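Using the hints, build the complex out of the two chains.
Top line first, the protein sequences correspond to chains A and B.
Quick note: this note's numbering has the first sequence finishing at residue 289, numbered continuously throughout.
Quick note: this note's numbering has the second sequence finishing at residue 276, numbered continuously throughout.
These aren't lab readings, by the way, just hints derived from the structure by calculation.
Incorrect hints may appear among the rest.
Stated by the list, open to error - To give a feel for the contact side, a few chain B residues facing chain A, derived at Cβ under 8 Å: (1) N72; (2) L77; (3) Q102; (4) R105; (5) M110; (6) F112; (7) K114; (8) V116; (9) P119; (10) E132; (11) H133; (12) G134; (13) L185; (14) L210; (15) C212.
Owing to the predicted nature of the structure, the values given are computational and were not obtained by experimental measurement.
Cβ atoms here follow ideal geometry from the backbone N, Cα and C, with glycine treated the same way.
Here's the letter readout for the chains.
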Amino acid sequence: MPEIIIPVSVRQKIRDFSLQGLMYLAVLLVSAVFVWLLADLVQGGMAHLSWTFLTESPRDAGRSGGIASILVSTLLILLIALIAAIPLAWATAVLLAEFVPIDSRFGRIVRFSLYVLAGVPSIVFGLFGNAFFSIYLGFGFSILSGGLTLACMLLPILTSTAEAGMRAVPDAYRLSAAALGMTRTAALIHLIFPAAAPALAAGLLIGIGRALAETAALLFTSGYVDRMPDSLLDSGRALALHIFDLSMNVPGGDMPAYAAALVLVSLLLGINSLAMMFAHGLQRRRILT
Amino acid sequence: MNGNHDAFTLGPLETGPACCVPHPLIQVRNLSLQYDGKTALDTITLDIYQGCITALIGPSGCGKTSFLSTINRLTDLIPRCNVTGQILVGGQDIRHPNCDVQTLRRRIGMVFQKPVPFPLSIRRNLSLPLNEHGVTRKNEVAAIIEQVLRDVGLWNEVHDRLDASALSLSGGQQQRLCIARALALNPEILLMDEPCSALDPMASGVVEDLICRLQGRYTIVIVTHNLAQARRIANYAAFFWVRERAGQLVEFGRSQQIFESPRHELTAAYVNGSRG
Ligand SMILES: Nc1ncnc2c1ncn2[C@@H]1O[C@H](COP(=O)(O)OP(=O)(O)OP(=O)(O)O)[C@@H](O)[C@H]1O
Ligand SMILES: [Mg+2]
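Same shape as in the complex, but just chain B (with noise of 0.2 Å):
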């Protein structure tokens, strides 16, 4: 890092497990979004630190979603939204006009609130991806669909039944083959904007332990409104709140700093369930 990294500093180091080297993998600097005009996100700094869990908290509009739609560049979809501010990802500036946005989501894989199964046969909802990234060999494709199957603990409950709809399986079976689609193409990141809450608790559950299984393997940035989710499974947690509707980044730090002895106050009344 060069020396004016002084967004937030990370304070003396808290007891607890140590994840991984804080290497920044992620680099957010300035960035701001407006919807129509709007702003939505109002200059966040912040870094994602590699093989690390970091949550996304805060209150319902604050800009949680958005915030991870500008890591994968999901926001080009979006008419009139404009971003600004620079996005490095592994030192690369994503919205340089050079960088291949194809290529870059194949590294950042996503995972969105509700699941999204395609309309399709289980194993061609893996397949599909990986056919149009170029992955087409038979025993290949079969090879990952089983790896991934097996890494999100779904394996045993579909291989009998690969060709069935995904539309026949439970929402939190569901979830997870679309966790699985997104580990099938390798990615680095994976974003995960509040993948259990449309989950019932023991799905989600299950869910939460997978996402702890990958910790270290990927660098994963989660949205979530469950508190006790973040504080178990988070080893950084950053809190967004929103000021005029525009939403502002509070606090960043390791996780247990943030839950336990938050620096901010509206933090403070927020982790301890006060206000939001």
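This is chain A alone, in the form it adopts within the complex (with noise of 0.2 Å):
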């Protein structure tokens, strides 16, 4: 029989195509995994989640009653962990991007200081936060020991993003504000910050994500107290952590447990996508100038 020959720009397309095939088909599974992910949140929750449900405190263990005062205790806690991390991580990310040379030692080992921090799992943070906030400062189980050990995750996200986005900043901004005899803390105020805001910003929001849904490191550091706190010394319960308890120590907590957990998930994608924005933004500008 005779062999069919298949012409080279044909073989060429087959390839084209399969391997576009593939790649749709990984698409596709992704997406497939959220939809169908957010899905299963939105049919279990709706049911239950109503305006009462953001405004009461639980009750029952959260059988029944809303999430009330543990939304409060997520805010209190994310509050914290930003009034905390914020000064440090951009101090630390002004240094590194304006102060000291790309490869300076100093330098290399701040970054791989804070490249070993984001590896580490949290909930060996909650175990550092537990034994040093807790216990050694005498903190507790608080709002405030809480706060401070997500502070602790949070600086190296916000400290490599902020860095990134004043390393974008031209240097020919640097030079000539120099130039102008412009002192450099007045061209980082001026000039330098005001251009890498929108890289800033996008670091605070995905920070800002991260502390929402962590819930191990707070297992041993703000606690599982679900009243309502009294002050920042008091213990709160994370809304993530909640949710967990909801599910695996409550029997019938399931439908309070997807409704919180529908109000977990709708607040990180409204946070993400803002932070996606911000992104989008910065990219246009970098092209603009």
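Right, here's the structure in full:
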């Protein structure tokens, strides 16, 4: 039987086509997982979700009532984490991006430490936070301990996004500002920071997303108590932890768990879309300038 | 000048327009510069005369930009850049520890090859450096802004949109804005690093006319690859050449002399377009 000779161009087309097909399949799979997860959440949580769910505190271990106190605790923990982490992270980023050469020993050591820190499992942060903030500093199981532990976790992401953002600002601005007799501080405040603002904001939003979703690190630090917190030294239960507790430890807690998870995922979706928008704005600006 | 100023001799006076009294404002003595241990400028000795336009010419990589950056100490910003030798500006040693670099850079404006408008409004581009140097009174700042924008011929084009982004200006307008920004600080000296090379011929012509108009009021050092331009606008010319990757000053003199009767054969070959 004579062999069928397929011309090279056709063979290439087939190869292109199948490769494209594979890529589309991969995309489809990824999106399917996401859609399935979301659909499951909406289906399970929508029925239980209501205005009173958001405004009432949990009763009967969360089987009834809502998540108001949980939301308050979560926001307080987040607030403390940001207040503690932002100044440290951004000051470090300024140092790394503006004041030490990119290949200096000091810069390499700091960057390496942050890299390692970023890879530490959150349960380890939880144990560290418990030992250091709760016991050694005597903050106990409290919103303060939880927030400070989260702050440690946020340092790497906040620092690296801010450093990258400032490095992306063209050197020509720094040289021009210097040539005009402006001090480095002035250039930093008036030119570099504003130009890097989209990157700072994007990093911030990613960090907030992480903090909102954190469970393990808060287990041993901010604790379990689901009452409305009276002070920052009170224990307070974070949203992700509430979901974990409802689904694992509370028989009949499935419905409120679904609803709480829906609230959490909606918050995360909102924050991530904002982060994407900022990152997008950043790209557009870079093309313009 | 003291007597041992013999790095070059001015020779007999050439015919041509006398621009000014040749009073040296910048005196460069035995200036060398290394990047990372590699010599980029090799013992340069040169006088820049007050009120004149001095053109620096020479092939790419011969250290013209590096030379300019030593005069306003922008080389301080480059890691592992080592400068030796002496630079006197108005008799003051600018590399002396007592010399305040911010004040120095206010006296010496610089314009870069690519226009660098800050991503701010046109007005803010001009007021920001002024504010940083303590000029904060609103009407004083406004007066200076109008003055320098008129000086660079930009006032009529932008006076009704001072709050628009400086990035919305055309390339030529941006470069003139950068010149205006340097002028706003009322410098004595202007360093210009190929200010026209990123511009089209029309815009380049406008900037060139502007530089000619600034002659006399400012001491201008301009780097240019456009020999015709150097010939048109410069009173003095310095020809740099690169030997074993180290930039050297080959010849310095009245521009007419450099272009019409160069003493050095390298200069002759370069200005006649056969090398470089
Ligand atoms: N920041 C730097 N680090 C290391 N080497 C540098 C740096 N800047 C310039 N050089 C080197 O110094 C030499 C002179 O460079 P410079 O930019 O001063 O030349 P130039 O005469 O301005 O050239 P061009 O006409 O192309 O602008 C070149 O060999 C260049 O590679
Ligand atoms: Mg150059």
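Quiz item: Does the structure break any of the earlier hints, and which numbers would those be?
Solution: 12, 14, 15
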